[in-house]
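2 protein chains.
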Amino acid sequence: MAACNHAIVARMDSPVALIPQLAAHLVAAGGKRLRPLLTLASARLCGYPADDANQRHVGLAACVEFIHTATLLHDDVVDESQLRRGLASANAVFGNKASVLVGDFLFARAFQLMTDDGSLKVMQILSSASATISEGEVLQMSTQNDLSTSVDQYLEVIHGKTAALFAAACRVGAVVAARPEAEELALEAYGTNLGMAFQLVDDALDYAADQAVLGKTVGDDFREGKITLPVLAAYAAGTEEDRRFWRRVIEDSEQTPEDLDHALDLIARTDAIETTLDRAATYARAAHAALDIFPDSHLRRLLQDTAAYTVSRGS
Amino acid sequence: MAACNHAIVARMDSPVALIPQLAAHLVAAGGKRLRPLLTLASARLCGYPADDANQRHVGLAACVEFIHTATLLHDDVVDESQLRRGLASANAVFGNKASVLVGDFLFARAFQLMTDDGSLKVMQILSSASATISEGEVLQMSTQNDLSTSVDQYLEVIHGKTAALFAAACRVGAVVAARPEAEELALEAYGTNLGMAFQLVDDALDYAADQAVLGKTVGDDFREGKITLPVLAAYAAGTEEDRRFWRRVIEDSEQTPEDLDHALDLIARTDAIETTLDRAATYARAAHAALDIFPDSHLRRLLQDTAAYTVSRGS
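Residue numbers (full-length UniProt numbering), protein chains in the order written: chain A, 1 to 315; chain B, 1 to 315.
This is chain A alone, in the form it adopts within the complex (with noise of 0.2 Å):
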């Protein structure tokens, strides 16, 4: 993780000197690495030596991380954030335009990155990734306000957005490790699941957490009016009144500040929270079983637990 941290700074750098300076304030920020770790691991799941010789892995983990950080970058102008990790976001800090434009060159130096690994294959597990994102960018900003949004869609959503590089993060481990195909697929789908599950507890967690752990402002789904599933949960098993209250304050983007505890008062008394993090559960459970192939090992276990655990940092 060491070198997989070194690549990243190390290609973060650029004669123009605003993107190394917005690219520290990022690194400053730290976030969990997950990602770039998924790779790491899959990599040595998969029995890819990683001696001196065999750093693929690195440059890969590292090319995720980009397109990671490319994406909350994007995101944040997007959703007009103000907070990221419990630290001013970058754009607040230097703008919408410097953001926008970041974010672009590190998508371009992701690429760059790709092709230095040279294998057609992760470029085309990495690239398709990187548009299905940007279909569920695009897809997210459709239903924003749309109470009519079904649970399919919002799936649909959650796994562009975020189970989508989970998936391709942990299927180019196994890919550098020229493993058989099944292995590949096993990563592939512990990658999907673990990310759904991962962005389902995300979701509840924004009505559910300490604004001081999350390291976000609590309740910044509401205010955006996003469509997530404790509010399709509770609109779902409301009563009339409680509908044209979320009508209201999700479809006609009329808040007043006291709305935020009614809408968690409604979602307690829903159990919507309970509904999200059951299905985060059952894609835990799935991203487990995914990984019964491999032989037992620390790191299988290791891997096999983080799905557990990703579920219970919300309960």
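A hint or two may mislead.
Said to hold, decoys possible - Cross-link-like lysine-lysine pairs, in silico, DSBU-like; alpha carbons within 35 Å at most:
1. B:Lys32 to A:Lys97
2. A:Lys32 to B:Lys97
3. B:Lys97 to A:Lys97
Said to hold, decoys possible - Only some residues are given here: those of chain A computed to face chain B with a beta carbon under 7 Å:
4. His74
5. Val100
6. Asp104
7. Phe105
8. Ala108
9. Arg109
10. Phe111
11. Thr115
12. Gln124
13. Ser127
14. Ala131
15. Leu139
16. Ser142
Derived by calculation from the structure, the hints in this document are not laboratory data. These figures come from a predicted structure and were not determined experimentally. Just so it is clear, CB atoms sit at the ideal spot from N, CA and C, and this is done for glycine as well.
Dock chain B against chain A, hints included.
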């Protein structure tokens, strides 16, 4: 070119409805398709057969146009432009969010098109051009409103934001034809110099053109405080009073409705348009000369005339 237009429309398709909708808006807006034409023409100049079995140049031409369109979408967001090619810009019609996200989608799709082509060399050229474009855009933002920007810095900006993609568009045409590196480099030099000439003329037109002909709002660069050669030349050749004017309108962004006319006067009085077009003509001559290593042909003359024509539209 019909095949290329067809490829562009086909590859902009997506199950997410907003993507083809916004794509249709962009396709309707038309544009000169100069960059994909350069790829097609370069491939032909290098003897690429371009028959039914040899269509790589078409996919790469579409790829080049996608990269260009993605940067246009993001540029219009960053510049808050209302018009693009005489029509309402995508951000004005669909909003900034959609423009950022669909730009990302087109960028990702461009990388899928490169991956489909399968040549590592092509991917290196185009991914590196993409990173250079972003660097140019960030540098342009950093120099905005700053009259101490040097002419060299300005040239670095336009090399990044415009000439790099012209160069890559030409060079990949030579790569698919599998020609000796000297021909690749000649076409790359042609593209670089043509792109520099093109952007210089574009920057001159922003202070010189008839709005209806230009298809963009005259004075856009002025209102945004963008640092272009007409302004740098007028500032350098101006009196102390002129310079106070430029500092107020460009550095302090304090503009009254009459200021554009006064700026045009100062630019005329200091021959700043001629200075800009003279430099464009120098680049156009270099573009012309770069192709001299190819045997004389109708196509070679067409490309060489394009360089001269680029400058003539400015005078």
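Hints, one by one, checked against the model:
1. Taking the CA atoms of lysine 32 (chain B) and lysine 97 (chain A), the gap is about 27 Å. The hint holds against a cut of 35 Å.
2. Of the supplied pair hints, the one linking lysine 32 (chain A) and lysine 97 (chain B) holds, its CA atoms being roughly 27 Å apart against a limit of 35 Å.
3. For a cut-off of 35 Å, the pair hint linking lysine 97 (chain B) to lysine 97 (chain A) stands: about 13 Å separates their Cα positions.
4. Against a cut-off of 7 Å between C-beta atoms, the interface hint on histidine 74 (chain A) holds, since the closest Cβ of chain B lies about 5 Å away.
5. A cut of 7 Å between beta carbons decides the hint on valine 100 (chain A): the least distance to chain B is about 5 Å, and the hint holds.
6. Because the beta carbon of aspartate 104 (chain A) sits about 4 Å from the nearest beta carbon in chain B, less than 7 Å, this interface hint is met.
7. A cut of 7 Å between beta carbons decides the hint on phenylalanine 105 (chain A): the least distance to chain B is about 4 Å, and the hint holds.
8. The interface hint given for alanine 108 (chain A) is met, as the beta carbon of that residue sits about 4 Å from the closest beta carbon of chain B, less than 7 Å.
9. Taken as an interface hint, arginine 109 (chain A) checks out: its beta carbon lies about 6 Å from the nearest beta carbon of chain B, inside 7 Å.
10. Annotation: phenylalanine 111 (chain A) was flagged as interfacial toward chain B, and the flag holds, the nearest CB pair being 4 Å apart, inside 7 Å.
11. At its closest, the beta carbon of threonine 115 (chain A) sits 4 Å from a beta carbon of chain B; the interface hint therefore holds under the 7 Å criterion.
12. Using the Cβ-Cβ criterion of 7 Å, the hint placing glutamine 124 (chain A) at the interface with chain B is satisfied: the shortest such distance is roughly 5 Å.
13. A distance limit of 7 Å between C-beta atoms decides the matter here; for serine 127 (chain A) the minimum to chain B is near 4 Å, and the interface restraint holds.
14. Because the beta carbon of alanine 131 (chain A) sits about 4 Å from the nearest beta carbon in chain B, less than 7 Å, this interface hint is met.
15. With its C-beta approaching chain B no nearer than about 5 Å, leucine 139 (chain A) sits inside the 7 Å limit, and its interface hint holds.
16. For the restraint placing serine 142 (chain A) at the interface with chain B, the shortest Cβ-Cβ distance is roughly 5 Å, inside the 7 Å limit, so the hint holds.
Checked against the numbered hints given earlier, the structure satisfies every one of them.
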